[in-house]
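S.K.: Sequences are here, hints too, so could you generate the full structure?
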Amino acid sequence: MLTLLIAIPLVAAVAILLGACAKKTALAAVAANLVLTLVLLVQNYGAPGYQATASTPLIPALGLSYSVGVDGLSLLMLLLTAIVGFAAVWVAPHPEKLERYPGLYYACLLFIIAGATGAFASLDLFFFYAFHELALIPTFLLIGIWGSGDRITAAWKVTIYLALGSFVLLIGLLALYFSIPEAARTFSIPALQTLAAAGSIPQTPWIYLTILLGFGVLISLFPFHTWAPQAYASAPAPAAMLHAGVLKKFGLYGLLRVGLPLMPQAAQHWTNLLLILLVGNILYVGLATIAQKRLDSMLGYSSVMHMGYIFLGIAAFNPIGLTGAALLIFAHGLSIAILFAITGFVRDRTGSLEFTKLGGLAKPMPFLGFTFGLAAFASVGLPGFANFPAEMSVFFGTFAHAGDGLAFSNFQVAGIAALWGLVISAVYMLRGYRAAFLGETGKRWVGLADLSFCARPAIIFLLAATMIAGFRPQLLVNLVKPTVKGILQNQTSLSAK
Amino acid sequence: MVTLNDYLLVSGLLFSLGFAGVLLRRNILVIFMGLEMMLNAANLSLVAFSRFGVANGLPDYNGQMLVFFVITVAAAEVAVGLAIIVALYRAKQTTHVEDLTSLKF
Amino acid sequence: MSPTLFWIFAAITLGFGAATLINRNPVASALSLAVSFLGLAALFTSLSATFIGIVQVLVYAGAVMVLFLFIIMLLDLKAEQRRQVRLSALIGGVVIAGLFASQVVLVLRHFPKGNHEFPPLSLPHPDAVNIGLTLFGHYNLPFQVIGVLILVASIGVVVLSKRELN
Amino acid sequence: MPWIILFAPLISAAVIVLFTQKWKNLSALISIAAVLVSLAASITLFLNAPDSAATATIPWLDFTGFGVPFKAPISFTIDGLSKAMMIVVTFIGALIHIYSWAYMADDEGKSRYFAGLSLFMFSMLGIVFANNFLMMFIFWELVGVSSFILIGHWYFRNAPAAAANKAFICNRLGDFGFLLGILLVWVATKSLDFEGIKQAIDSGNAPFLAVPAFATATVVLLFCGTIGKSAQFPLHVWLPDAMEGPTPVSALIHAATMVAAGVYMLARIFFIVKISPDAMQVIAVIGTITAFGAALIATQQNDIKKVLAYSTLSQLGYMVMAVGVAASSAAMFHLFTHAFFKALLFLGAGSVIFACHHEQDIWKMGGLVRKQPITFICFLAGTLALMGIPLFSGFYSKDSILVAAYEHHRILAYFGLFTALLTAYYMTRLFVIVFFGKAHTEAASHAHEAPVVMWGPLVLLAIPSVIAGYASIAGHFLPVPEHHGESIVPSLAIGAGVIGILLGALLYFGKAKDPIRIPLLANKFYFDELYAHIIWYTQDLLARICAFIDRWILDTAIVRGLSSGTWATGFVMRFAQAGNLQGYALLFGAGVVALFYFILFIK
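In order, the protein sequences belong to chains A, B, C and D. Under the working numbering, think of the first position of the first sequence as 792, with each following residue one higher. Under the working numbering, think of the first position of the second sequence as 2, with each following residue one higher. Under the working numbering, think of the first position of the third sequence as 35, with each following residue one higher. Under the working numbering, think of the first position of the fourth sequence as -2, with each following residue one higher.
These are computed hints drawn from the structure, not numbers from a lab. Among the hints, a few may not be true.
[Stated by the list, open to error] When the alpha-carbon atoms are kept at most 30 Å apart in a straight line, the in silico DSS-like pairs for lysine-lysine are as follows: (1) 1154(A) x 19(D); (2) 1234(A) x 187(D); (3) 1276(A) x 187(D); (4) 368(D) x 508(D).
M.R.: This is the structure in structure tokens:
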């Protein structure tokens, strides 16, 4: 089942490269993926432990095997991948409109989807890592070939930066692997988790730090975030959607899947550092977002800023905080995908995204204006959208760490900074929205066409997904509950020892 | 009394001379000669060690074998090298190394 | 061999080696090199390696030197014109070579084992017999390979020096 | 029943957005039908349901499965407070929906407008019914959104778009404190629903809240929510700007209901507020400053809606002051009466504006008394109620606040009385200029009475504006504070009102230009300019610094620096590759020498 999920986009990508009709094949593949994911979700909803597992030993000498399986958290991530992947392929420009290599364009999108799916479904550390790397190459191609602006620089920058991050991560993972007693070494994530629960994994702080920073670069943790705005500003819309919405979340997923469960105590060691960095994400990057002068770079910065909230939930390391982090991963993936999709459409129509040149676009393009407004509201965390319950959970999780007596704990101080971040995000989102869509319509933009009817369902679909999650967040809470409990059990059983 | 160290000293100095030739002379033919000197210097120390490592009254022939092979290969190398120099001279009308700088960035 | 003879031959070897470097005329260089190699052959012989010594004379002082002279004459090389000598290169070369030589001297000074006299030999056969036995016995395969190498080299030389037909 | 009240408007909003955007009148009808359903259901509920009726709840976010005391369902509080508020909201809401039918008849975005109104009704009723903090916060944010949508209804003009942003961001600032307060309450009591918090406080299970400093901080932070939503000083600046929205919206949201939500919230959580006397002191002072300052500003405004907006601020200040002097029932009483007469005044103003072809400057109106007799009478009733003239509703509610303030703190009461004088003064000014004298412009001279759909709601609102203050009537809806014995306050208030009216009439009767010019007041104490400077010198400056650091130091100097460092090293190394054979050999030799040196001579 899961292998099928990974194989469908891969096969479709190869078929497209061999000459199959690009758009139809890609759409069929992502639609099949969506259906499969929903089936998986319904079948395994709320079940504890790993479901739908499959395993084939590859190199027994190294303990290496291809093994897949899902629990609540990975189901959530697969759902996100399927939804955003579907929408991204849907909004991708028609092959005939692409100047260069239309087949490769779609194949790259499918490779990213396959890579993300594989990374989220893998239960083997090696494949977990390798699938993510697989997805980086098509990102490079998409930005480098079909990007806008200074695309070559952006493509190299993001690729080298992320490759460096992955490299640091690899060092961390290998160090973790070799720190385990030789007889017990394995790449299997469930086996590692059992080891961790039994206390057989040494809780070495610097190894966790390496893993944290490695993942941190992938997630654009302050101050390793400068790749993100430029890359997202240059990337074509579907690539930005997939990367910001899904692929970037690999790092967070990795922290929740590998980092925290395996090294809960080492993680505690760096909580204060993480809190400082994430406040940097929220306040510093948030302020930098206010000063942006282009819609795309503003969105790029805002996606960096919101990572701070997810980190806050992870740092809180309690049921509410971790669940909130998981929910926020999902919610942010959807909202940023909508924003990037719309930004892509606007760029296609106006050719410019500078605030001083835009203005009043909602008049000629009511649909885009309206949906952008909704997505902007979602992204600043208003009720009705998935971001709101997620951010609330993060805040409550943070404040659950009571300080010493009446004094605020470090968590609460970071939480207050993050609350101020809500004001900041409202400021830049509304300023951006007003500068681009509201106000008097510039003469150049009067005759612009609104989004065509055949492209609308993708946006509506994403909005519907985020609103469903916003109205019934409990569905998602229950989905990730077993995973979160598992992570916390490791911690409690270890601290008991 | 002549000791091993005396031979090695001669060998080392000859090697240094050859190396100095490679570094200092501009004529590619003379540089080539310097290379030959270095090879021969190495040969000398090999033979000296072979003579020094006596077992059962016999010198260590492995060392002499190596010298033999070095001489053979060096001869082949000289032949090929000189042929290349001839070809170079035909192309560039010079045997001066500072004129042969096409292998740069 | 008496120390006197050894030092005479060593002086010939090194002296003519130095002359190779110093001479501006390539022909003179080549001839100096030949003499240097002859001295070297004498040193080989002094180490009871008569076969190698003879090979040295035949191959180097003979064949290789002829080849060098032949090429020099073929290319019709004049004495090197005085060019602007790059002082930095000159100093660098001298310093590096000098450093190397001094390193050799220093190493030898700390190599007491080498200060012993050579042990006596008792050769039942002439030198060439033993060499032949070793060469065709233990080193047969490398010997054949060397043959192939020389074949390849000679073909290569022919190809390289063939004039392009217009 | 509460489900119907709450969700009928939501369904209407959803249907309009999803299906009937094209058919404007159908959208309007759906929205009006929804609000009427809500009104009917509210009346039924009001008449039938006992207080605190247990209702079904929807679990919204629930972490009790993790063993954590965090539970935020969507469920209802049905008590006197919420029922009175529910009636006010649905009644005024229904009238304003109907009024909008005519007022917005020619508007292109009618569907959007009615969807926004429906969304607002849903959100406002959510606040009214909320039985826990998180639910209240959800709807609290949602009214902010709908207010944004409705203020920015004419988004294609610059001023409404800017006003919408300003309103939303000011509200967000308040919400920053509000949410922080909620978090602190949760930390202290481990509970989110009001019942649970009350129990925790009563049973002494909230040790933190027993510490005065903590309690003060918590209450003041919660009060921040009110400052934002009810536009109290110093976040009052958004409300006058919000008048850029359509007039019915100003009436419904920015006069009668939403801005009162802050006061309603304070009344709802009064059991927390009263823990900290210090915080109440803060609340009372803020309320007084707002009431007095806004009244001062109102005396010099020329835009009819701005005058009313500042009077709203002033009245909200009264209510907040009332909460601050521990008279939350008086606050609710004033909220109740104010909702009617202020909605009436705004709708009346809307009628006038409509008649004068969307002219809002009072100096371009005049002499409307004969052209719009019905509007005139209704407006008069609203004005007298606002001035606090006996027999009109405002008198009773304002009196109860002033009496409470007088008992609590005399200085506050004196400020309150002076504010009453100013209120009478500026309302007389407005009234005299608009309705009497000569018509100052063409448009005003051709004005005529509004259609029945518009004056009908005026009449319907005029009635409660008069009678809502009588204890015999208001007592059915909410507890009316009783006057304890004789007090000097009512007579003082009447005196202040009369002086104000006389002053206003003397100064302005028959004038075509403003005889008094006080730039400080006309420019609203320069608050907007001050804030613009503050924002420019703090947030925007910081933002530019951060962006600069990010762009030039983090990105260019460090990240690019590393990459260019690599590149530059390569560039420098390239010069070694000069194609000079002997150069290579020299380096090689140097390497060998160095290697020997390190291997052999370093011990």
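S.K.: Hints first: check each against the structure and report whether it holds.
M.R.: Hints and how they fare:
Distance hint between residue 1154(A) and residue 19(D) is fulfilled; the C-alpha atoms sit about 15 Å from each other, no more than 30 Å. For the hint linking residue 1234(A) to residue 187(D), the alpha-carbon distance of about 56 Å lies beyond 30 Å, and the restraint is violated. Distance check on the hinted pair: residue 1276(A) and residue 187(D) sit about 21 Å apart at the alpha-carbon level, within 30 Å; holds. The straight-line distance between the Cα atoms of residue 368(D) and residue 508(D) is roughly 19 Å, inside the 30 Å bound, and the hint therefore holds.
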